[in-house]
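Taken in order, these protein sequences are the chains called A and B.
Its first residue numbered 1, the first sequence is counted upward by one per residue in the working numbering.
Its first residue numbered 1, the second sequence is counted upward by one per residue in the working numbering.
By construction, these hints were calculated from the structure, which means they are not laboratory data.
Just so you know, these numbers come straight off a predicted model, no measurement behind them.
Misleading hints may appear alongside valid ones.
What the hints assert, rightly or not - The list that follows gives simulated cross-link-like pairs (lysine-lysine, DSS-like), each with its CA atoms no further than 27 Å apart:
id, chain 1, residue 1, chain 2, residue 2
1, A, Lys-212, B, Lys-60
2, A, Lys-199, B, Lys-60
3, B, Lys-60, A, Lys-216
4, A, Lys-341, A, Lys-216
5, B, Lys-60, A, Lys-408
6, A, Lys-216, A, Lys-149
7, B, Lys-90, A, Lys-160
8, B, Lys-70, B, Lys-100
9, A, Lys-160, A, Lys-204
10, A, Lys-63, A, Lys-149
11, A, Lys-232, B, Lys-100
12, A, Lys-281, B, Lys-78
13, A, Lys-160, B, Lys-78
14, B, Lys-78, B, Lys-60
15, A, Lys-204, B, Lys-100
16, B, Lys-20, A, Lys-160
17, A, Lys-280, B, Lys-60
18, A, Lys-392, A, Lys-2
19, A, Lys-280, B, Lys-78
20, B, Lys-70, A, Lys-232
21, A, Lys-56, A, Lys-204
Each chain, written out:
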Amino acid sequence: MKQLLIVGGGTAGTMMANKLAPVLDDSEWHITLIDEHETHYYQPGFLFIPWGIYNKNDVIKPKRDFYPSGIDVIISPIEIIEPDENRVKLADGRVISYDLMIVATGSRINPGETEGMLGDKWHKNIFDFYTIEGATNLRNFIKYWEGGKLVVNVVEMPIKCPVAPLEFAFLADWYFTEQGIRDKVEIEYVTPLPGAFTKPIAAKFLGEFLTKKNIKLTSDFSAGRVDAENNKLYSWDEEAIDYDLLVTIPTNMGAEVIGRSGMGDDLNFIPTDHHTLQSKKWENVFVLGDATDLPSSKAGSVAHFEADVLFENIQRYIDGRPLKPAFDGHANCYIESGFGKGILIDFNYDVEPLPGKFPLPGVGPFSLLQETRMNHWGKMTFRWVYWNLLLKGAELPIEAQMTMAGKKRV
Amino acid sequence: MAEATLAGVTVERDDEGFFKNPDDWKEEMAPELAREIGIDPLTEEHWKVIRFMREDFKVKGQVPSIRRMKNEGGISTKELYNLFPKGPAKKAAYIAGLGKPHGCI
Numbered sequence: 001m002k003q004l005l006i007v008g009g010g011t012a013g014t015m016m017a018n019k020l021a022p023v024l025d026d027s028e029w030h031i032t033l034i035d036e037h038e039t040h041y042y043q044p045g046f047l048f049i050p051w052g053i054y055n056k057n058d059v060i061k062p063k064r065d066f067y068p069s070g071i072d073v074i075i076s077p078i079e080i081i082e083p084d085e086n087r088v089k090l091a092d093g094r095v096i097s098y099d100l101m102i103v104a105t106g107s108r109i110n111p112g113e114t115e116g117m118l119g120d121k122w123h124k125n126i127f128d129f130y131t132i133e134g135a136t137n138l139r140n141f142i143k144y145w146e147g148g149k150l151v152v153n154v155v156e157m158p159i160k161c162p163v164a165p166l167e168f169a170f171l172a173d174w175y176f177t178e179q180g181i182r183d184k185v186e187i188e189y190v191t192p193l194p195g196a197f198t199k200p201i202a203a204k205f206l207g208e209f210l211t212k213k214n215i216k217l218t219s220d221f222s223a224g225r226v227d228a229e230n231n232k233l234y235s236w237d238e239e240a241i242d243y244d245l246l247v248t249i250p251t252n253m254g255a256e257v258i259g260r261s262g263m264g265d266d267l268n269f270i271p272t273d274h275h276t277l278q279s280k281k282w283e284n285v286f287v288l289g290d291a292t293d294l295p296s297s298k299a300g301s302v303a304h305f306e307a308d309v310l311f312e313n314i315q316r317y318i319d320g321r322p323l324k325p326a327f328d329g330h331a332n333c334y335i336e337s338g339f340g341k342g343i344l345i346d347f348n349y350d351v352e353p354l355p356g357k358f359p360l361p362g363v364g365p366f367s368l369l370q371e372t373r374m375n376h377w378g379k380m381t382f383r384w385v386y387w388n389l390l391l392k393g394a395e396l397p398i399e400a401q402m403t404m405a406g407k408k409r410v
Numbered sequence: 001m002a003e004a005t006l007a008g009v010t011v012e013r014d015d016e017g018f019f020k021n022p023d024d025w026k027e028e029m030a031p032e033l034a035r036e037i038g039i040d041p042l043t044e045e046h047w048k049v050i051r052f053m054r055e056d057f058k059v060k061g062q063v064p065s066i067r068r069m070k071n072e073g074g075i076s077t078k079e080l081y082n083l084f085p086k087g088p089a090k091k092a093a094y095i096a097g098l099g100k101p102h103g104c105i
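Isolated chain A, as found in the complex:
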């Protein structure tokens, strides 16, 4: 019996297990999945917690509910992965050997990378919203805040869900307007990028949104340290930005076990073929989702499109066929823009977000690079789609590869 090992049971690993379990010949292949945590978080929902739109219970379910039957699930931290030996050592000393491994260990925030960030003021007036603790603690702060200066800062790229900090700023504008204290809240968006977003057309479009919502944009700011005692954020060039409330998107890194195992780059992301998703170093290792070093967005939609490609390549690998270089960097992101509206962007490695209609060309119902109510409903409906279809590996009516149909060159 051969062993297919999936390391990581988050969005990417769970999808993959669900896709592969029904199709692999169970007289030849056995699937084992390892994860150290029991709880699955709907991470896109963290954005809504600080505003009281979602609470903790809206974003939590047991991981077990989403794993397919017929696979072995091991709940344990991993001591080390030894890809040269085709084996994984668990924290309790057990050794799991594999013939084929899919690594889906994700990415997480690492606030300790920034001097002064983790101290007395962490989760007092400096918060992240990329963890359940950060999002809920921030909710408790915002609920009673009477105003002041809010700074939303991206420390460095890449980050998971690169549009989330912008959405956070848009929702802040909406929330404090609803609370009747928008005139007492100053909002500044501070980013290391040269504009509001990476790609020029979307950067211009989203930059105009910031202006329209009276959110100050400070670009090309590389955060070097926090002086938490004096409420100041400093760049490496010693420029200072004052804040009363700092919402940070700290440095994002891959799992520590990837670093320990010598499998990652300086951020513990795994060098991965951009199109086949095979590890660049080990031919029987594939990488999925945020764990890769691909120059694509780190997002559930990307993991979903990758999973379609990897599903085919795993079968090709098992059957001894050449891999298909089919992943094109496709990402699809709803951007909540406040006041019940949203923006949608769809892009890949080569084509930046363009205006148009999605998914049906000319029809929609969603509009690309435009603000509509329908896009907001797409975003809100997505939670249901996520739990009920996406994680279970169901086919969605969107192709893995991006299409130009319905898009307008500008």
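Knowing the structure of chain A, use the given hints to seat chain B on it.
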């Protein structure tokens, strides 16, 4: 600018002045490239960064990140910003004749 003559050699560069082919680069070109972006003179500390970048690029095939320069090159981020103010990765890559570092998404 498509072509430019540096240290007597004609090289191809992109619209922002980054080298299209890193093999075209020679050490003699660096001072002139540095002057173009306001760094003058190039000190031994600058050279340490440039040499590390060239070496690492040769091995890895990509422009090293600021974190990599710290971890592997032993050059602190603070020092990098002192040497190449406002965007050390980009500026050092410019002078080292490497392509523009991949912007992340």
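Against the structure, the hints come out as follows:
Taking the CA atoms of Lys-212/A and Lys-60/B, the gap is near 43 Å; set against the 27 Å cutoff, the hint is violated. Simply put, Lys-199/A and Lys-60/B have alpha-carbon atoms about 26 Å apart, close enough for the 27 Å limit, and the pair holds. With a C-alpha separation of about 39 Å, the suggested pairing of Lys-60/B with Lys-216/A is violated against the 27 Å cut-off. Annotation: proposed proximity of Lys-341/A to Lys-216/A holds, straight-line Cα distance about 21 Å (limit 27 Å).
The straight-line distance between the Cα atoms of Lys-60/B and Lys-408/A is roughly 37 Å, outside the 27 Å bound, and the hint therefore fails. Annotation: proposed proximity of Lys-216/A to Lys-149/A holds, straight-line Cα distance about 11 Å (limit 27 Å). Between the alpha carbons of Lys-90/B and Lys-160/A the distance comes to roughly 23 Å, so the proposed pair stays at or under 27 Å and holds. Restraint check for Lys-70/B and Lys-100/B: satisfied, since their Cα atoms lie roughly 19 Å apart, inside the 27 Å limit.
Our distance criterion of 27 Å between C-alpha atoms is met by Lys-160/A and Lys-204/A, whose separation comes to about 21 Å. This hinted pair does not check out: Lys-63/A and Lys-149/A have alpha carbons roughly 39 Å apart, beyond 27 Å. Among the hinted pairs, Lys-232/A with Lys-100/B is inconsistent with the structure: their alpha-carbon atoms are about 31 Å apart, more than 27 Å. Taken as a hint, the Lys-281/A and Lys-78/B pair is broken in the structure, with Cα atoms around 33 Å apart against an allowance of 27 Å.
Among the hinted pairs, Lys-160/A with Lys-78/B is consistent with the structure: their alpha-carbon atoms are about 26 Å apart, no more than 27 Å. This hinted pair checks out: Lys-78/B and Lys-60/B have alpha carbons roughly 24 Å apart, not beyond 27 Å. For the given pair, Lys-204/A sits about 21 Å from Lys-100/B by alpha-carbon distance, which is consistent with the 27 Å threshold. With a C-alpha separation of about 31 Å, the suggested pairing of Lys-20/B with Lys-160/A is violated against the 27 Å cut-off.
This hinted pair checks out: Lys-280/A and Lys-60/B have alpha carbons roughly 12 Å apart, not beyond 27 Å. Proximity of Lys-392/A to Lys-2/A is assessed by CA-CA distance (about 24 Å); at most 27 Å being required, the pair is judged to hold. Among the hinted pairs, Lys-280/A with Lys-78/B is inconsistent with the structure: their alpha-carbon atoms are about 32 Å apart, more than 27 Å. Between Lys-70/B and Lys-232/A the alpha-carbon distance is near 25 Å, which keeps this suggested pair within the 27 Å criterion.
A distance of roughly 34 Å separates the Cα atoms of Lys-56/A and Lys-204/A; the hinted pair therefore is violated under the 27 Å criterion.
Of the numbered hints given earlier, the model fails hints 1, 3, 5, 10, 11, 12, 16, 19 and 21; all others are met.
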